[in-house]
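Here is what each chain is made of, one letter per residue.
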Amino acid sequence: MRRRAPLTRTRIAVAAGLAMILAAAGCTDPADPDATPAPPPPTATTTQAAPGTAACDARASLRPTGALPAPGKMPAGGYLAAIQKRGRLVVGTSQDSPLFSSRNPFTGRVEGFDIDMGRLIAAAIFGDPEKLQIKVIPHADRTAVLTGEDGQPDVVDLVINTMTANCARWQEVDFSTVYLETGQKLLVAKDSEVDGLEDLAKQKVCAAVGSTSLQNLENAAPDPVPVARNGWGECLVAFQQNEVAAISTDDTILAGLAAQDPFAKVVGRRFTEEPYAVAVSKKHPDLTRFVNAVLERSRRDGTWKTIYDRWLGTLGPAPQPPAARYR
Amino acid sequence: MTTALAQRPVEGGRGVLRRVGQLRHTSPGRLQLLLVVLLVLGALTGLVAGVTAQSAAGGTADLRDRAQPLLAEAETVYSALAEADTIAAQAFLAGGLEPQELTRRYEQRLAQATTALTAASRRTPEGSAAAEAVHALAAGTTRYAALVATARGANRQGLPVGASYLTTASELNQQTLQPQAQALFQFASRELDAGYEQARSSWWLILLLVLVVALTLALVGTQIYLSHATRRTFNVPLVAATGLTVLLVAATGVLFALQRDHLRAADEDGSAPVTALAERRILALRERASEALTLAARAGDDAHEDDFQAAQARLTFDDRELLTEAALMHQARARHDAYLRLHEKVRELDDNGDYDAAVKLAVGREATDAFTALTDTLDQALTARRAIFEAEIQHAGRGLGALTLLAPLLALTVCVLAALGLRARLEEYR
Chain A
1 MRRRAPLTRT RIAVAAGLAM ILAAAGCTDP ADPDATPAPP PPTATTTQAA
51 PGTAACDARA SLRPTGALPA PGKMPAGGYL AAIQKRGRLV VGTSQDSPLF
101 SSRNPFTGRV EGFDIDMGRL IAAAIFGDPE KLQIKVIPHA DRTAVLTGED
151 GQPDVVDLVI NTMTANCARW QEVDFSTVYL ETGQKLLVAK DSEVDGLEDL
201 AKQKVCAAVG STSLQNLENA APDPVPVARN GWGECLVAFQ QNEVAAISTD
251 DTILAGLAAQ DPFAKVVGRR FTEEPYAVAV SKKHPDLTRF VNAVLERSRR
301 DGTWKTIYDR WLGTLGPAPQ PPAARYR
Chain B
1 MTTALAQRPV EGGRGVLRRV GQLRHTSPGR LQLLLVVLLV LGALTGLVAG
51 VTAQSAAGGT ADLRDRAQPL LAEAETVYSA LAEADTIAAQ AFLAGGLEPQ
101 ELTRRYEQRL AQATTALTAA SRRTPEGSAA AEAVHALAAG TTRYAALVAT
151 ARGANRQGLP VGASYLTTAS ELNQQTLQPQ AQALFQFASR ELDAGYEQAR
201 SSWWLILLLV LVVALTLALV GTQIYLSHAT RRTFNVPLVA ATGLTVLLVA
251 ATGVLFALQR DHLRAADEDG SAPVTALAER RILALRERAS EALTLAARAG
301 DDAHEDDFQA AQARLTFDDR ELLTEAALMH QARARHDAYL RLHEKVRELD
351 DNGDYDAAVK LAVGREATDA FTALTDTLDQ ALTARRAIFE AEIQHAGRGL
401 GALTLLAPLL ALTVCVLAAL GLRARLEEYR
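Residue numbers (the working numbering), protein chains in the order written: chain A, 1 to 327; chain B, 1 to 430.
Note that these hints are calculated values from the structure, not bench results.
The beta-carbon is built from N, C-alpha and C at its ideal position, and this holds for glycine as well.
Take these hints with a grain of salt, some might be off.
Cβ pair distances, simulated, as ranges [as the list claims (entries may be wrong)]: (1) A:Thr147 <-> B:Ala149: 40 to 48 Å; (2) A:Val225 <-> B:Arg333: 34 to 42 Å; (3) A:Arg63 <-> B:Glu344: 19 to 27 Å; (4) B:Arg341 <-> A:Arg269: 54 to 62 Å; (5) B:Gln108 <-> A:Arg269: 47 to 55 Å; (6) A:Gln203 <-> B:Gly153: 22 to 30 Å; (7) B:Arg143 <-> A:Arg269: 52 to 60 Å.
Whenever a hint applies, use it, and build me the whole structure from the sequences.
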């Protein structure tokens, strides 16, 4: 008789892959390990590089050249013309970072602050925000998808994924100017008396696998017990199933989680700073400059504020948009 | 003193052997020896014939009532879990509230899995690895159902965390439950092999053959000796005993030949195709799940699509085991090809950036119908092959119960006849 061969050998890998992809989450990097706990004025600080890499101003990007070209009339020969010829802008992101890029259960569409940023750029290129293809990318691959290794074409044009601009990443990719300033906080149960990481010694705290929120937890003292889940949504599942005492990541992401659970609250001060920016391949400085021009316009004409109010209005009135800095 | 004590029984034993050995020097002694040999061989033959028939009958019944049903249940658990996961991924893709049709099928498959688990728990020996897998599966399935229910609740309220509950459930299903179901399936298939081995009772049959040959030789030898030693050519009771022995050989031979033929048919035309078809159905489900997972992951041709390709490569319809269902397999291949064409279209749409159209095609009526047509064909073949197994195994068990009683009775009669035939000669020396 023929014997059965293992049928599910690859399924485990597949499940892990799915989880990771469904979960690719808002990442945060410690802007500065020695940062002062109070949030400093967003534009006044300089993000330090990880030890060993040259110090840089991670918030400073490439200056736009001249006025924005009209939609559908991208300058010939550049990468923008190639995108226009293809007919869609490909953005790498996640689909379970609430308020930034998460799947709307009613429509099945991915939407949020990050997606609206992508739509702004697509509208500037094509005159149509719908010409946007969303590609969910594994968290750890967010720079690799832009570097086009092994002579392969890039997987995506841009990565807009609650991605912190820092000097280590500047080595591999270019960043746009900063479009949002955030910092890491804690989400705990409504009746909890926890007010900071120091109250969570020996307690389980969840963060997305591969995120630097998780690294921050691992480096924190007194020791919380970091629990890695595949995404922020799964951290919320663990929190609701009483598997962890808290979740820790950028306050903006936590706001999206807390909005789904009336028995949760966000507490503490920002203990890191995370300037979000759009990542672009180093091969396409014209695209980076273009994105910066689009961001510049959105700061000026109030689009940025509209998008902020739409997604992050629960955090309070929209602050001033982060001022652009150029190198 | 101690040595003397230790040696005495040995000397006694030697004494008995010597006395028995001396028997062969006298005619009545030789007759007594022959009688003992015949009685021992007859008794042993009867005993072994009974045990062989008993073992074969028991093995066949076990195959019918335990091993094959256990395999069917393991297959049900495995494929039901795989399909529940596929359905969950499709419901996720469909967006909004789950389509009613999907919900109904999910409930149905989950119910099938739990029912099969209850049945399987009765058929697995307590404390075995299989029993542990069944217990773990029962507990895990409950947790899985709870996670999916929570996902639905959250989805109903429009909370994105519903998708994360679904992911958590899917991980549990794929990383824990399905490997356990697979282990159970493999255990059941080993049990089935062992069941066929036991039903054939080959070692008992060989022993029986040796004994029957020895008994026949002893009977014939005794008669030759008697015809030389006395003036009578035939010893009627011994001739009758020889006849009965031949009858025993014939009955056993015919019954076991028939049993083995039916067992072979049950295996080759029943169990083997059933197993192969079950495997193929799971492979097909895996294709469908991978397709949905690729889209749900929204990452283009990634690991899930590789998984699809791997399943597709192994999903063949022309294997030796499946020749008995050649017509249905021809149909299955055509239907699988039709589904593959749709799948390629889905990938093409997704790869060219038309995600919404790809999702619409993948969860739409056309693809669902194409895939259902494939699984229906496989189900049809499975049902036919299961019926053939049932019929063959029923035939295989026939007559073995009667043989369990008749064989010892025949052997006993042989002993009585041998005793009668030799006693008459022994009387002559009194």
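So, going through the hints one by one against the coordinates:
| no. | hint | in the structure |
| --- | --- | --- |
| 1 | A:Thr147 <-> B:Ala149: 40 to 48 Å | holds, 43 Å |
| 2 | A:Val225 <-> B:Arg333: 34 to 42 Å | violated, 54 Å |
| 3 | A:Arg63 <-> B:Glu344: 19 to 27 Å | violated, 46 Å |
| 4 | B:Arg341 <-> A:Arg269: 54 to 62 Å | holds, 58 Å |
| 5 | B:Gln108 <-> A:Arg269: 47 to 55 Å | holds, 52 Å |
| 6 | A:Gln203 <-> B:Gly153: 22 to 30 Å | holds, 27 Å |
| 7 | B:Arg143 <-> A:Arg269: 52 to 60 Å | violated, 38 Å |
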